[in-house]
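One-letter residues, chain by chain:
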Amino acid sequence: MDGVYYEKGWLGVVFTLMVAGFILLNIYRARKTSGKLFIRRIPGLNAIDDSIGRATEMGKPVLMVPGIGTLNAISVQALQIFAYVTKTAAKFANPIRLCCLDPAVYTVAQEIIRDVYQTEGVPENYDPDSVRFISDRQFAFAAGVSGIILRERTAAAFLMGEFFAESLILAETLNSIGAIQVACSTEITQTPFFVAACDYVLIGDEFYAASAYLSRQPVLVGSLVGQDWSKLAIAATILLGALVNSADGLKRVPDEANEGQTRALKADEKMITDLFSPKKPEWKPAGGTQ
Amino acid sequence: MEAGWRHAVIPWLAQAPAAPALNMWNAPAGTPEIWMKVGIAMLAGFGLLAALIAAPTRLRRPISGAFIFLAGLFWVLVFLFPKPIDSQTPHEQRPRGFVQDVSFWLADAIPVVSNFSNILTAFILGLGVFSLVRIHLMRVAKKQNDWPFSVVLLVSMVAMATFGYWDWKTRLDLGGAKVDEAWPLAAYGKDLLFDGMLQVMEAAMFSLIAFFILSAAYRAFRIRSVEATILLCAALIAMLNLMGAVVVTWDGMIESFGKDNAFVMNFTLSSVAGFIRDNLQTPGIRAIDFGIGLGALAMGLRLWLSLERVGGN
Chain A
1 MDGVYYEKGW
11 LGVVFTLMVA
21 GFILLNIYRA
31 RKTSGKLFIR
41 RIPGLNAIDD
51 SIGRATEMGK
61 PVLMVPGIGT
71 LNAISVQALQ
81 IFAYVTKTAA
91 KFANPIRLCC
101 LDPAVYTVAQ
111 EIIRDVYQTE
121 GVPENYDPDS
131 VRFISDRQFA
141 FAAGVSGIIL
151 RERTAAAFLM
161 GEFFAESLIL
171 AETLNSIGAI
181 QVACSTEITQ
191 TPFFVAACDY
201 VLIGDEFYAA
211 SAYLSRQPVL
221 VGSLVGQDWS
231 KLAIAATILL
241 GALVNSADGL
251 KRVPDEANEG
261 QTRALKADEK
271 MITDLFSPKK
281 PEWKPAGGTQ
Chain B
291 MEAGWRHAVI
301 PWLAQAPAAP
311 ALNMWNAPAG
321 TPEIWMKVGI
331 AMLAGFGLLA
341 ALIAAPTRLR
351 RPISGAFIFL
361 AGLFWVLVFL
371 FPKPIDSQTP
381 HEQRPRGFVQ
391 DVSFWLADAI
401 PVVSNFSNIL
411 TAFILGLGVF
421 SLVRIHLMRV
431 AKKQNDWPFS
441 VVLLVSMVAM
451 ATFGYWDWKT
461 RLDLGGAKVD
471 EAWPLAAYGK
481 DLLFDGMLQV
491 MEAAMFSLIA
501 FFILSAAYRA
511 FRIRSVEATI
521 LLCAALIAML
531 NLMGAVVVTW
541 DGMIESFGKD
551 NAFVMNFTLS
561 SVAGFIRDNL
571 QTPGIRAIDF
581 GIGLGALAMG
591 LRLWLSLERV
601 GGN
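These protein sequence lines are chains A and B, in that order. Numbered continuously in my numbering, the first sequence closes out at residue 290. Numbered continuously in my numbering, the second sequence closes out at residue 603.
Certain hints may be false.
[What the hints assert, rightly or not] Here are the simulated EDC-like pairs of lysine to aspartate or glutamate, each with C-alpha atoms no more than 16 Å apart in a straight line:
{"no.": "1", "chain 1": "B", "residue 1": "Lys432", "chain 2": "A", "residue 2": "Asp129"}
{"no.": "2", "chain 1": "A", "residue 1": "Lys60", "chain 2": "A", "residue 2": "Asp49"}
{"no.": "3", "chain 1": "A", "residue 1": "Lys87", "chain 2": "A", "residue 2": "Asp50"}
{"no.": "4", "chain 1": "A", "residue 1": "Lys87", "chain 2": "A", "residue 2": "Glu124"}
{"no.": "5", "chain 1": "A", "residue 1": "Lys231", "chain 2": "B", "residue 2": "Asp579"}
{"no.": "6", "chain 1": "A", "residue 1": "Lys87", "chain 2": "A", "residue 2": "Asp127"}
[Claimed, not checked] To give a feel for the contact side, a few chain B residues facing chain A, derived at Cβ under 8 Å:
{"no.": "7", "residue": "Ile425"}
{"no.": "8", "residue": "Ile575"}
{"no.": "9", "residue": "Ile578"}
{"no.": "10", "residue": "Gly585"}
Because the hints were derived from the structure by calculation, they are not lab data. C-beta: ideal position from N, C-alpha, C; glycine also.
Use the sequences and the hints to build the structure in full.
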């Protein structure tokens with residue numbers, strides 16, 4: 001294509017399409033089998049009902065925080081889990097508090113929670129103030145949520161989504177009042193803090209498995225199975241890539257700097273690098289059209 | 291002829307920096323044209339919203355699904371399509387062809403499409419502020435528990451918004467350099483509230499983490515199970531490896547056993563810490579990252595194709 005276009009890593013694009021295909025195929029399969037596919041036990045998710053039960057016994061609210069990210073797949077997934085939590089809390093007429101940093105997440109959360117109360121047949125129990133926009137600044141948000149935790153003595157808390165430095169502030173404040181905490185962060189740097197401070201932690205893609213695990217909807221179960229197949233495909237690709245890269249490492253090419261000499265391939269000359277992330281070609285406008 | 295319609299239609303949605311006259315999205319600032327466009331856009335937006343609300347319930351989902359699909363399709367195309375090496379290339383120097391045109395159009399349209407979401411976010415921020423004000427006004431009116439804190443919040447919010455706007459307007463009218471020199475009340479107030487109070491209070495919240503790390507680490511590192519013991523040992527090695535005096539002492543001791551023995555040298559603190567980092571921690575993090583990435587992809591696909599049912603459904 002004229003050398004003008006940067007065909008960036010075609011194999012990466014093909015691989016992404018293949019993974020998307022796997023997921024859609026398994027969604028189709030699960031729909032046909034009504035979602036009767038196996039999902040292993042996840043202790044953190046089994047603890048959800050126990051935590052809400054404890055909060056009900058104590059007559060204290062359940063706190064939910066969908067992270068501090070914007071409205072994206074992560075926060076929607078967190079709200080999906082919170083819909084289940086709210087459903088269970090609504091059955092026992094247990095108060096909830098859902099604190100948001102992002103106004104878009106707040107708006108969507110409000111709709112979802114209202115919808116849950118309506119579906120459960122108790123729309124009169126829905127309190128519009130249970131879903132709150134606290135602040136759009138990270139530490140003002142952390143201070144605000146910590147204040148709610150300490151004032152209302154929440155008995156159970158679900159911290160799920162994109163968390164950053166505020167993760168430990170929230171988890172330790174909750175710990176100080178003896179609340180049960182179920183947490184998960186898609187930020188890998190925050191997971192250790194949650195592991196250290198919380199009672200139950202969902203690690204990595206368990207967060208995305210949660211809605212399938214809790215609701216057993218065929219679409220979600222199929223999607224989860226597709227993700228697992230994709231993981232196998234990625235593992236196989238890594239193995240193959242390691243072998244090809246090792247073979248490339250043995251190759252010798254003429255050395256441009258020293259005539260008559262040979263040298264090993266540089267990292268960006270290896271086949272794998274070129275397939276996934278080729279070098280940007282040089283191009284300057286010629287001053288005309290083709 | 292075929293290229294003619296492409297060149298007429300494709301720049302329509304793109305905010306090409308070199309040729310603003312080619313598209314309908316921009317006009318010189320302060321002109322009646324821009325206000326007219328803003329008005330038309332507002333009317334169109336509210337009209338669409340009203341139409342969606344008035345639509346039968348069974349149709350709302352497919353309509354919003356169609357919008358989501360179109361919006362998602364744009365970003366899928368941005369990802370899949372070959373990219374121009376230099377999207378700043380002037381129009382007259384761009385090579386012509388269907389693929390090339392679409393490629394440049396996609397690159398040029400990214401700011402326009404991104405602005406759509408920025409505008410929506412600005413509207414939604416108003417809803418957030420409304421919720422905050424309503425909750426705290428009610429609390430003050432009903433004299434609920436801790437209502438004085440709500441008064442502080444409302445006063446702070448109004449003061450920050452007032453001084454923020456006043457400072458911005460003053461800088462716009464007088465110029466930033468003059469404001470910094472004269473330092474009027476607007477600048478003083480904004481500086482006091484933002485740099486003098488907000489930033490400092492945020493820093494105080496951040497600094498709490500240091501104490502929380504200590505208390506969380508104390509609980510996590512207690513030897514309760516095999517996993518906790520392994521965690522403790524790994525953390526101990528990682529921490530000791532950051533202490534110069536310990537590293538020098540330990541590594542010196544190992545070297546005294548046999549500096550030329552490669553096997554013995556594997557037990558220096560930096561080698562053990564490096565082994566844990568490179569062979570245990572990094573692969574573990576990568577594996578978790580793959581899982582998270584795949585989960586996000588699956589979630590994105592379900593949202594894009596409207597397969598996701600969120601809420602009480």
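Tested hints:
1. Straight-line distance between C-alpha atoms of B/Lys432 and A/Asp129 comes to about 14 Å, which keeps the hinted pair within the 16 Å bound.
2. Restraint check: the Cα-Cα separation between A/Lys60 and A/Asp49 comes to about 15 Å, which is no more than 16 Å; the hinted pair holds.
3. Our distance criterion of 16 Å between C-alpha atoms is met by A/Lys87 and A/Asp50, whose separation comes to about 14 Å.
4. A C-alpha spacing of about 14 Å is found between A/Lys87 and A/Glu124, which places the hinted pair at or below 16 Å, so the restraint holds.
5. With a C-alpha separation of about 11 Å, the suggested pairing of A/Lys231 with B/Asp579 holds against the 16 Å cut-off.
6. For the suggested pair A/Lys87 and A/Asp127, the alpha carbons sit about 14 Å apart, so the restraint of at most 16 Å is met.
7. The beta carbon of B/Ile425 is positioned within 8 Å of a beta carbon in chain A (closest approach about 5 Å), and the interface hint is therefore held.
8. At a threshold of 8 Å, the smallest CB-CB gap from B/Ile575 to chain A is about 5 Å, leaving the interface hint in force.
9. Checking B/Ile578 against chain A: minimum C-beta separation of about 4 Å stays under 8 Å; hint holds.
10. Evaluation of the B/Gly585 hint against chain A yields a held restraint, the C-beta minimum of about 3 Å falling below 8 Å.
Going through the hint list in order, the structure satisfies each hint without exception.
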